[in-house]
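Please construct the entire structure, taking both the sequences and the accompanying hints into account.
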Amino acid sequence: NAGVTQTPKFQVLKTGQSMTLQCAQDMNHEYMSWYRQDPGMGLRLIHYSVGAGITDQGEVPNGYNVSRSTTEDFPLRLLSAAPSQTSVYFCASSYSNTVSTDTQYFGPGTRLTVL
Amino acid sequence: AQKVTQAQTEISVVEKEDVTLDCVYETRDTTYYLFWYKQPPSGELVFLIRRNSFDEQNEISGRYSWNFQKSTSSFNFTITASQVVDSAVYFCALSEAGTYKYIFGTGTRLKVLA
Chain A
1 NAGVTQTPKF
11 QVLKTGQSMT
21 LQCAQDMNHE
31 YMSWYRQDPG
41 MGLRLIHYSV
51 GAGITDQGEV
61 PNGYNVSRST
71 TEDFPLRLLS
81 AAPSQTSVYF
91 CASSYSNTVS
101 TDTQYFGPGT
111 RLTVL
Chain B
1 AQKVTQAQTE
11 ISVVEKEDVT
21 LDCVYETRDT
31 TYYLFWYKQP
41 PSGELVFLIR
51 RNSFDEQNEI
61 SGRYSWNFQK
71 STSSFNFTIT
81 ASQVVDSAVY
91 FCALSEAGTY
101 KYIFGTGTRL
111 KVLA
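Those sequence lines, one after another, are chains A and B.
Sequential numbering from 1 applies to the first sequence in this note's numbering.
Sequential numbering from 1 applies to the second sequence in this note's numbering.
Hints may contain errors.
To be verified - Mimicking BS3-like on lysine-lysine, the simulated pairs with C-alpha atoms at most 27 Å apart in a straight line are: (1) K111(B) / K9(A); (2) K101(B) / K9(A); (3) K3(B) / K38(B); (4) K38(B) / K9(A); (5) K38(B) / K70(B); (6) K3(B) / K70(B); (7) K16(B) / K101(B); (8) K3(B) / K111(B); (9) K101(B) / K70(B).
Stated by the list, open to error - Quick list of simulated restraints, FRET-style, between CB atoms: (10) E15(B) / T5(A): 29 to 37 Å; (11) T5(A) / R50(B): 17 to 25 Å; (12) E17(B) / S69(A): 21 to 29 Å; (13) S96(A) / L113(B): 35 to 43 Å; (14) F10(A) / K111(B): 22 to 30 Å; (15) T15(A) / D18(B): 46 to 54 Å; (16) K3(B) / N62(A): 15 to 23 Å; (17) D29(B) / Q57(A): 17 to 25 Å; (18) S67(A) / L113(B): 45 to 53 Å; (19) I54(A) / F47(B): 20 to 28 Å; (20) K111(B) / T103(A): 24 to 32 Å; (21) A82(A) / G43(B): 31 to 39 Å; (22) S69(A) / R50(B): 28 to 36 Å.
These are computed hints drawn from the structure, not numbers from a lab.
Think of the CB as a built atom: it goes at the ideal place given N, C-alpha and C, for glycine as much as any other residue.
Shown next, in the form of structure tokens:
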């Protein structure tokens, strides 16, 4: 198993540009989520999905869109990048979508800089 | 409201010293889960432990041990005989049953000096 994979590893955008951060897992996990990590603030939940076709907002969803067309993939889209979205983004997944506190396993992260 | 506080921003110890990382949480729920993750300099997040609110037994895994005390809402992590490879940022997290959400603390950066 490759686990949770994220691409790209690094990305630099200009303000106003759009892009998609990719996340995939090969563990047949139902639950997937996106977090952003900012200095001194820990990790904050952006969006999550409890299965294909089902997504919901987390703590800081503004400026981001998600979709879940397959169990394996959970892309995060930035519609119009802003400097405030400069951060490290982590995707995570867990097996169960009924036991909400199942252990989440994290991808390696994407470091995004918006100029 | 849910909250996780890791008051120690950064700790430096000399190799072979014992070190305890503090985690204090707030929740109104009676069923919840607590986690510790390690983030080494390479940046990935590594799962260390998961504990549910009904299991107050302390746990030991090699040089790592965890002390869960509901009376003080704490879930502290101790590394015995620290090593340079333990240098990392350690995060404590809380999840209430049914919320699909982890609340992370701000992390404690541990530096183990040779």
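Q) Does the structure keep K3(B) and K38(B) at a Cα separation of 27 Å or less? A) holds, 19 Å
(Q) For the hint 17 to 25 Å, verify it against the beta carbon of T5(A) and that of R50(B). (A) Since the Cβ atoms of T5(A) and R50(B) sit about 23 Å apart, the hinted range of 17 to 25 Å holds.
Q.
Check whether the Cα positions of K38(B) and K70(B) lie no farther apart than 27 Å.
A. Distance ~23 Å between K38(B) and K70(B) Cα, so the pair holds.
**Q.** Distance restraint between K3(B) and K70(B), which requires alpha-carbon spacing of 27 Å or less
**A.** Satisfied, since the Cα-Cα distance of roughly 15 Å is no more than 27 Å.
Q: Can you let me know if the beta-carbon spacing of S96(A) and L113(B) is within 35 to 43 Å?
A: holds, 41 Å
Q.
For the hint 24 to 32 Å, verify it against the beta carbon of K111(B) and that of T103(A).
A. holds, 27 Å
Q: Could you say whether the range 20 to 28 Å given as a hint is met by the Cβ separation of I54(A) and F47(B)?
A: Distance hint for I54(A), F47(B) holds at roughly 24 Å.
Q | D29(B) paired with Q57(A), Cβ distance criterion 17 to 25 Å | A | holds, 21 Å
Q | Given pair status - K9(A), K38(B), alpha carbons within 27 Å | A | With Cα atoms ~19 Å apart, K38(B) and K9(A) stay inside 27 Å; holds.
Q | K3(B) paired with N62(A), Cβ distance criterion 15 to 23 Å | A | Holds, since K3(B) and N62(A) (Cβ atoms, about 22 Å apart) stay within the stated range.
Q: Using the beta carbons of S69(A) and R50(B), state whether their distance is inside 28 to 36 Å or not.
A: Given about 30 Å between the Cβ atoms, the range holds.
Q. Does K3(B) pair with K111(B) here, judged by a C-alpha cut-off of 27 Å?
A. Holds, at about 25 Å.
Checked against the numbered hints given earlier, the structure breaks hints 7, 12 and 21 and satisfies all the rest.
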